[in-house]
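Undergrad: The chain contents come next:
Number of protein chains: 2
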Amino acid sequence: MLEEKGVLFNLLRFLHKGLSLNRTRRLLRMRKDTFSILLKQAVELEVLIKKNGRYILSRKGEKFIRKNKPNLFRCNCNIGFKISKEILLKAKEYCKLRVVPNIEIDQCPTKPKDLAQRIAFMYENGDLNNKRILCIGDNDFASLLMFEIAKPKEVVVIDIDERVLDIIKKISEKQKWAIKTKKFDIRKFSQINYPKELKERFDVFQTDPPYTEVGFKYYIALGMVALKRKGTCYIVAPHMNLENWSDELLYEIEKFLLEYGFFITDIFPSFQTFLDKYGIISSIIRAERTNLIKEPFSALKQLNIDKFYTIR
Amino acid sequence: MLEEKGVLFNLLRFLHKGLSLNRTRRLLRMRKDTFSILLKQAVELEVLIKKNGRYILSRKGEKFIRKNKPNLFRCNCNIGFKISKEILLKAKEYCKLRVVPNIEIDQCPTKPKDLAQRIAFMYENGDLNNKRILCIGDNDFASLLMFEIAKPKEVVVIDIDERVLDIIKKISEKQKWAIKTKKFDIRKFSQINYPKELKERFDVFQTDPPYTEVGFKYYIALGMVALKRKGTCYIVAPHMNLENWSDELLYEIEKFLLEYGFFITDIFPSFQTFLDKYGIISSIIRAERTNLIKEPFSALKQLNIDKFYTIR
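Protein chains in written order, with my numbering: chain A, 300 to 611; chain B, 300 to 611.
So that you can see chain A by itself, here it is in the shape it has in the complex:
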């Protein structure tokens, strides 16, 4: 089991090269609890030794690594992006204003640096400046950071939580940013009950949905209807090593995107982490709409809305 996906080798190799436990966990794409089990197993296998809270390679571990060419090709940045101090400070500032997460509706705050990285990624793709952008759920205040980093033409934020919308509204009014907020329960999204003023209005949508198949499909479907031809989307999706549910969820998301005429241009693993106790790690998906426009309402009808949030 430890050999699966080269996990043990990479664990030893990263620690051998002096990478921190945090960075090692991130590169291995593991939840905190899975990573703890892995470390424990490595100690039991006598390839790691725990000493004063640190893990170092035993002789056996060193030998294992040395005979396997322990190169390291990773750059210190995360997948080609660096966040400036100035932007990081802004992200942290907004982070302090966030509401207390309501776990019943899967609010799970992104780490400020990772949120900034997401917005930077959109910016570098030319998907922020002069664009109309829809944020589907925004307890992270991605919308505000977009204006710190770039000059969107317009940002619309949809959320169920009035606390979130009120803060965004207050700040954007003060800054004179073109942000509109809209309270909407995405579970109620259907062919007869959708915000018609959003239809085919946006160049870009971005979202970090509840981590269920139903949650993803509803959030993405709303974005699909709101997007213009040739529009682009950014979707945060969990993907962790040794967790089959995240493989299956990723598969379902990708199938859903392709079925409704999107093709995927980028998937960067381990791009987002969160301030939660589980230490979830997520990928970012960027997709573009082909010329095909197909409405996703019939797909939603087949879903059980009780499985919308992860807690049920």
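No false leads were slipped in.
It does not matter which identical chain is meant; a pair holds if it fits inside one copy or across any two.
Listed below are the simulated DSS-like cross-link pairs for lysine-lysine, each with C-alpha atoms no more than 27 angstroms apart in a straight line:
#, residue 1, residue 2
1, LYS395, LYS331
2, LYS412, LYS316
3, LYS479, LYS468
4, LYS316, LYS381
5, LYS412, LYS381
6, LYS482, LYS516
7, LYS450, LYS479
8, LYS452, LYS366
9, LYS481, LYS450
10, LYS516, LYS600
11, LYS452, LYS469
12, LYS331, LYS350
13, LYS381, LYS410
14, LYS350, LYS362
15, LYS529, LYS554
16, LYS366, LYS527
17, LYS410, LYS395
18, LYS498, LYS475
19, LYS529, LYS516
20, LYS576, LYS410
21, LYS339, LYS529
22, LYS495, LYS482
23, LYS554, LYS600
24, LYS450, LYS381
25, LYS527, LYS450
26, LYS450, LYS362
Source of the hints: derived by calculation from the structure; they are not laboratory data.
Fit chain B to the known structure of chain A by using the hints.
TA: Okay, now just chain B, sitting in the frame of chain A:
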């Protein structure tokens, strides 16, 4: 047209930040000829000035950039990977041994640094050490570099070109590397005519097929049949800005993978460039097999084999 996909803004921004023309073209994901047209248009729009063969921003260009927050979040590495001098030298050494490309069978050499980066990426994912790997087509000698970087259990190379196989065989015998070579015309791949000894044997396959839908489907189908459950694949696929054919091809490749039970874990754009006059830029796709095993032969039957290579 220039505003499309934020291309003009990014062109000016990258040049404004002092990036070289080469790096700018790569980040914009453009063929050489498309990039030349873009530069020419920017000069006509009077946002760029050509001076002693260099392009600099005009006042108008500077103004356009300044009012749009010209941040730069890119790291100098390419999507998180750095290639050591030692490995780069090895890649260049093998590169010199490559055969004269036969463009009739779409042989198009990868730049040594980019080839090394591809192998490094496989290595960092734990997909080389101790694995059985299939190289479908290998005029780049990816197989040889795999052994320089890691310790695969076994590598099998399939190619139609005996010149390629002979060189790989000679070097691997000298180095005592576990490489097997097999001459096979992938156009002949079908349910009754496939190398049965390959079936469900490999942990990983990697390929950079001819850039046609038929070429991709044949190459990938061969890999699918050869892969074990939970196996992984690496596919190089063109993806360039403003080129619809590469959007459509990417869409077809992704649909094909998903239909046959693979989900995509990573897509890194602008990951591979080539020593050709067109300056093609390609993405790397990493995908994993789900538990579903579905044979791709019926899909191949519907394809017109005359459209296998790009020259027809």
